[in-house]
Amino acid sequence: NAGVTQTPKFQVLKTGQSMTLQCAQDMNHEYMSWYRQDPGMGLRLIHYSVGAGITDQGEVPNGYNVSRSTTEDFPLRLLSAAPSQTSVYFCASSYSIFNEQFFGPGTRLTVL
Amino acid sequence: AQRVTQPEKLLSVFKGAPVELKCNYSYSGSPELFWYVQYSRQRLQLLLRHISRESIKGFTADLNKGETSFHLKKPFAQEEDSAMYYCALRIRGGSEKLVFGKGTKLTVNP
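So the sequences go chain by chain: A and B. According to the working numbering, the first sequence is numbered sequentially starting from 1. According to the working numbering, the second sequence is numbered sequentially starting from 1.
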C-alpha cells in the first residue's frame, strides 16, 4: 500500500494563479481531510469529507475548494492564490473520525 | 469554544531527564484526546490516544477531566524523542473533526 500520497511536493505560485493539490489514498478510508501547517499556528483544518460526495468546512476554508467524487481522491483547489496561503499542506485519511488519521508527506506551497 | 492549548512552543531537556508536554483543552462534550508526533523528515503520526490507556515508546498521557488536561509524560527522555508534538481533540456531533494544538517542539540534548 502506498498509503496517503500528495502531489506536488513543492510548488511556487504567483498571486492570483490557481492550482490543485492532489491527495489520494489506497486504504479505502471514508474520512479525508486537509490541514495547513504554519509556524506558531499548528495544524488547522481546511476542509474534510466523511465519504464520497460529502464535504464540509473546517476552521480556515476561505480561498479553498474541495470535492470528493471518489473514495480514493480528495483534491484541494486554490482558486486565486494569495501570499497568505503560503504554507505546508497535509492531507490525512482514516476509516472514520474515530480512528487514527494517516497523514501524507505534505506539499510546501509558496505564493509570491 | 472547542480549543486545545499547548502552552510551550519549545521544550528542551537533557537525555535521561523526565519530560512533560502540557496540553489543556476546552470542550463541552465528553473529550477524546490524542497525541500526534512529527519526527524530522517524517510524516505526522499518531503517538497515543487516551482511550487506549497504553504506553507508546515510554510515553503515557492521562486524561484529567477536572483540570481539563492531557499532559504527555516520559520518565527518561531519549535523543530520538526530539520531535514536534501535537495534542488533538476530537469534536463530535454535527461536525466530526480533529482540532489540533499549536504544537510543542521537544529537543532532547545529549
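Hints are not guaranteed to be accurate.
Straight line, CA to CA, 20 Å or less: simulated EDC-like cross-link-like pairs of lysine to aspartate or glutamate [as the list claims (entries may be wrong)]:
#1 B:K105 - B:E67
#2 B:K9 - A:E100
#3 A:K9 - A:D38
#4 B:K22 - B:D81
#5 B:K9 - B:E80
#6 B:K102 - A:D26
#7 B:K57 - A:D26
#8 B:K102 - A:D38
#9 B:K102 - B:D81
#10 B:K15 - B:E96
#11 B:K105 - A:D38
#12 A:K9 - A:E30
#13 B:K22 - B:E96
#14 B:K9 - B:E96
#15 B:K57 - B:E96
Calculated directly from the structure, the hints in this document are not laboratory data.
With a cut-off of 20 Å on the C-alpha distance, tell me whether B:K9 and B:E80 pass.
holds, 19 Å
When you check the alpha-carbon spacing of A:K9 and A:D38, does it fall within 20 Å?
Satisfied, since the Cα-Cα distance of roughly 16 Å is no more than 20 Å.
Holds or violated: B:K9 with A:E100, Cα cutoff 20 Å?
Distance of about 24 Å is beyond 20 Å: violated.
Measure nothing beyond the straight line between the CA atoms of B:K15 and B:E96; if it is 20 Å or shorter, mark the hint as holding.
Violated. B:K15 to B:E96 sits at ~39 Å, over the 20 Å cutoff.
Given the hint that B:K9 pairs with B:E96, does the C-alpha gap stay at or below 20 Å?
Not satisfied, since the Cα-Cα distance of roughly 27 Å exceeds 20 Å.
Distance restraint between A:K9 and A:E30, which requires alpha-carbon spacing of 20 Å or less:
Since the Cα atoms of A:K9 and A:E30 sit roughly 24 Å apart, the hinted pair is violated (cutoff 20 Å).
Would the hint linking B:K22 and B:D81 be met if the CA-CA limit is 20 Å?
holds, 16 Å
Checking one constraint from the list: CA of B:K102 to CA of A:D26, max 20 Å. Satisfied?
violated, 29 Å
Agreement of B:K57 and B:E96 with the hint, judged by alpha carbon distance not exceeding 20 Å:
Cα-Cα ~29 Å, so violated.
Straight-line alpha-carbon gap B:K22 to B:E96, limit 20 Å:
Roughly 24 Å separates the two Cα atoms, so the pair is violated.
Need the status of pair B:K102, A:D38: alpha-carbon distance at most 20 Å?
holds, 9 Å
If you draw a straight line from the CA of B:K105 to the CA of A:D38, is it 20 Å or shorter?
holds, 14 Å
Going down the numbered hints, you'll see the structure goes against 1, 2, 6, 7, 10, 12, 13, 14, 15, while the others check out.
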